[in-house]
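Student: From just these sequences and the hints, can you work out the full model?
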Amino acid sequence: MLKISKGLHLRDMGAKTNETSLWREIWLSLRKNKPALLGLVVIIVLVFVAIFAPLIVPCEEAIGFYPKEILRPPGAQHIMGTDDLGRDIFARVIWGSRVSVEVGILAVAFGLVIGLFMGALAGYKEGLADTLIMRAADIFFAFPYILGAIAVMTVLGPGLENVIIAIGVLEWAYIARLFRSSVFSVKVNDYVEAARAIGAGDGRILLKHIFPNAMAPVIVYSAMSVGTAIITEAALSFLGIGMQPPSPSWGLMLADSRAFMSSAPWMMCFPGLAILITVLSFVLVADALRDSLDPKLKGAV
Amino acid sequence: MFRYIAKRLLQVVPVVIGVTLIIFLLMFILPGDPARMLVQKGASPEVLQVIREKYGLNQPWYVQYGKYMWNLLHGDFGTSIRFKRPVLDIIKDYYPNSIRLALVALIIEAVAGIASGIISAVKRHSFLDVLVTISTTILVAMPVFWFAMLLQVSFGLKWDILPISGMGDGSWRYYVLPAIALASVNTAFTARIMRSSMLEVIDCNYIWVARAKGLSERKIILKHALKNALIPVITILGLDLGTLIGSAILTETVFSWPGIGRVIYLAILQRDVPVVMGCTLILVFIFILLNLIVDVSYTYLDPRIRLGDRRAV
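Respectively, the protein sequence lines represent chains W and U.
Numbered per the numbering used here, the first sequence spans residues 33 to 333.
Numbered per the numbering used here, the second sequence spans residues 54 to 366.
These are calculated hints, taken from the structure and not from any lab test.
It should be emphasised that the depicted structure is a prediction, and the values quoted were computed from it without experimental measurement.
Virtual Cβ for every residue (Gly too), placed ideally from N, Cα, C.
Hints may contain errors.
Distance ranges between label pairs, derived from CB positions [said to hold, decoys possible]: (1) U:Lys211 <-> W:Pro106: 17 to 25 Å; (2) W:Tyr98 <-> U:Ile346: 54 to 62 Å; (3) U:Asp355 <-> W:Asn221: 25 to 33 Å; (4) W:Pro278 <-> U:Phe338: 41 to 49 Å; (5) W:Pro106 <-> U:Pro149: 39 to 47 Å; (6) W:Lys157 <-> U:Leu210: 54 to 62 Å; (7) W:Phe292 <-> U:Asp222: 23 to 31 Å; (8) W:Leu160 <-> U:Leu63: 17 to 25 Å; (9) W:Arg56 <-> U:Ile346: 42 to 50 Å; (10) U:Arg226 <-> W:Gly159: 51 to 59 Å; (11) U:Phe338 <-> W:Gly96: 49 to 57 Å; (12) W:Glu158 <-> U:Pro149: 27 to 35 Å; (13) W:Gly189 <-> U:Lys145: 32 to 40 Å.
Tutor: The structure is reproduced here in structure tokens:
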């Protein structure tokens, strides 16, 4: 077996070049697209802010109780003002980025693990596996996303890990459906047939030949769904079943601000802007990726 | 055609069984005893026992499930544990509110989305096109509940021209802000799809022929291009109606709108299984029906597509 795979060396090189060119293509398309580049910079800054939040503001300012500082408007001391418990909004927005970044990345990663596996199984094996997986996925498309998230959250209970699980559990069906059709269109290519002809096994064909070439639509979708996951976390926390107080989740901050919409509008202003700018960055990147990677728009498979 | 529709309707059965089973199992895994939620704190075990027996809560889940499905087949949606009234009555009370709001939102979505999509395609790269592109991108990224709150603060509290909560006497004024909030994200998507669809059609040969004949640009766009460019948009609009009814919970929460999303949300929190089941099933039916209508109407809009053909799927 080892000897045979040495003989496959040239073929593998072909597959690898293909893989690197995918990432090269992504980078080239982002570099040309100014809004997407801006989005990418914002995302990188956000990740750094999330990692180094303790160095920017101490945690106590975000979750403590300061009776003397209640509902201060934005000013020199508190650049975004304070909320009804005297907590600094700026500190809460900074620490809230941790929640959003964690949920966004981990929930989509979770959905990807299940979705890619199921999608590959359905698309590559067809037959019974395909039918079972796709009928199971159909159930997830039969009710609205947000209601599904609410139902799963009530079962699991509130908290960061459960928000991640709930969103991942819903995402897998969308990723599986997308990847399945992508695998369908890739596996009829000659190079897959050629790999099989020289004795490559199913696992090797999937990992070396199908995965790299079928990933493009999933990459576009994932970029978009990190944004969706961040909005969903905020929505669940806003409804009171996601993150729990005193967590500095942006959605929770918006829920708190509802009682002070006219007296302290800054309370609703900044967390909302934080969500908008974050999600917008992911949308811009996803749009650029779609323009360059989507075979339908590019006109070639 | 009838064979196709019958086949599609039969496919509903496994989905309904799957959805009902999942809801039932979820509700049984949930911590919390529905009987305990009905009585005041400190009720005696005997009282709890009576209530459990009355609602059949002491039976294993598959017996309860079997009974529920049997009744459902006979058109009986059961009785709400919380409100002690038939689920069908709750459905009749709240679904119309949701459907009316969704229809108003759909009209906003269609008019605003199609109009701005056409303008930005026809005047490509102009100031208006850039404006439409920027605002649709921002709307897609906007959390609905924050957008709803911004509407409340500006139109309700600051300028005081529209009511910001509830349905009041049911006049149109109460619909404006919730419908705009509900339609926001979908309008942005519709505008984007309309734009790209229009751009595609404008490049077709028959449009060049129309131009060569010397027709006015206005006539070319509205009479020749629009008909074909609308096909993908109509599909989206049909499917969106279901989403607008079912996903309105955030909008309903912000505007205290008495809709079905809120009913389902509260019923989940209160473990009111019959209400969750009944309301969700209606929603699933609406989804499936709209899907079917969209697929069938496709064959009329675009005669190149035949039902049962792989391309149509």
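Student: State for each hint whether it applies.
Tutor: Here is how each hint holds up against the structure:
1. U:Lys211 <-> W:Pro106: 17 to 25 Å: With a Cβ separation near 18 Å, lysine 211 of chain U and proline 106 of chain W satisfy 17 to 25 Å, so the hint holds.
2. W:Tyr98 <-> U:Ile346: 54 to 62 Å: 57 Å, holds
3. U:Asp355 <-> W:Asn221: 25 to 33 Å: 29 Å, holds
4. W:Pro278 <-> U:Phe338: 41 to 49 Å: Given a distance of about 42 Å, which is inside 41 to 49 Å, the answer is holds.
5. W:Pro106 <-> U:Pro149: 39 to 47 Å: 44 Å, holds
6. W:Lys157 <-> U:Leu210: 54 to 62 Å: Holds, at about 58 Å.
7. W:Phe292 <-> U:Asp222: 23 to 31 Å: 29 Å Cβ-Cβ, so the 23 to 31 Å window holds.
8. W:Leu160 <-> U:Leu63: 17 to 25 Å: 20 Å, holds
9. W:Arg56 <-> U:Ile346: 42 to 50 Å: 45 Å, holds
10. U:Arg226 <-> W:Gly159: 51 to 59 Å: Hint holds: Cβ distance 57 Å, inside 51 to 59 Å.
11. U:Phe338 <-> W:Gly96: 49 to 57 Å: 50 Å, holds
12. W:Glu158 <-> U:Pro149: 27 to 35 Å: Between glutamate 158 of chain W and proline 149 of chain U, where Cβ atoms are some 44 Å apart, the hint is violated.
13. W:Gly189 <-> U:Lys145: 32 to 40 Å: Holds, since glycine 189 of chain W and lysine 145 of chain U (Cβ atoms, about 33 Å apart) stay within the stated range.
Violated hint: 12 only; the structure is consistent with all others.
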